[in-house]
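Asker: Sequence:
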Amino acid sequence: MAYIIGIDIGGTHADGVLLENERVVARQKVPADQDNLVNSVIILLERLLEGEMLPLTRVQLSTTLCTNAIVRNTVDPVAMFIQAGPGMNPEFLNCGEHVHFVDGVIDHRGHVLGEPD
Numbered sequence: 001m002a003y004i005i006g007i008d009i010g011g012t013h014a015d016g017v018l019l020e021n022e023r024v025v026a027r028q029k030v031p032a033d034q035d036n037l038v039n040s041v042i043i044l045l046e047r048l049l050e051g052e053m054l055p056l057t058r059v060q061l062s063t064t065l066c067t068n069a070i071v072r073n074t075v076d077p078v079a080m081f082i083q084a085g086p087g088m089n090p091e092f093l094n095c096g097e098h099v100h101f102v103d104g105v106i107d108h109r110g111h112v113l114g115e116p117d
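Those letters in the sequence shown? Residues 1 to 117, per the numbering used here, in order.
Calculated from the structure, these hints are not laboratory results.
Hints should not be assumed to be uniformly reliable.
Calculated cross-link-like contacts (lysine to aspartate or glutamate; reagent style EDC-like; alpha-carbon spacing at most 16 Å) [claimed, not checked]:
(1) 29 to 15
(2) 29 to 8
(3) 29 to 50
(4) 29 to 46
This structure is a prediction, so every number in the text was calculated from the model and none was measured.
Modelling step: build the complete structure from the supplied sequences, incorporating the hints.
Answerer: This is how it looks when you write it as structure tokens:
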């Protein structure tokens, strides 16, 4: 069995999904504790796994917290390295002097379709 956990942490909630051979077998949503995000992830994992020790092949974490902080201008200036991917015009994503584009393609499942440069 191949198990994958995907977690997305936003400003309000943390969402999680457990996949078994690419089939959703569990999904959960918990409040995102901005003062203790690790605790939110732990609660989410406990609910997804229900105490089972599964042979996980991958755990993927995504978040909009960084993007939100950049957009709200609550962090120091940052640079962005963007891999636009197939069918996307990179100029559409050009939003400042500190944007750098990287060649290559990695799909949403993590498969390398074109080597990064």
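Asker: Against each hint, give a clear statement of whether it holds in the structure.
Answerer: Verification of the hints:
1. 29 to 15: holds (4 Å)
2. 29 to 8: holds (10 Å)
3. 29 to 50: The given pair, whose Cα atoms are some 14 Å apart, holds under the 16 Å limit.
4. 29 to 46: Holds: residue 29 and residue 46 sit about 12 Å apart, inside 16 Å.
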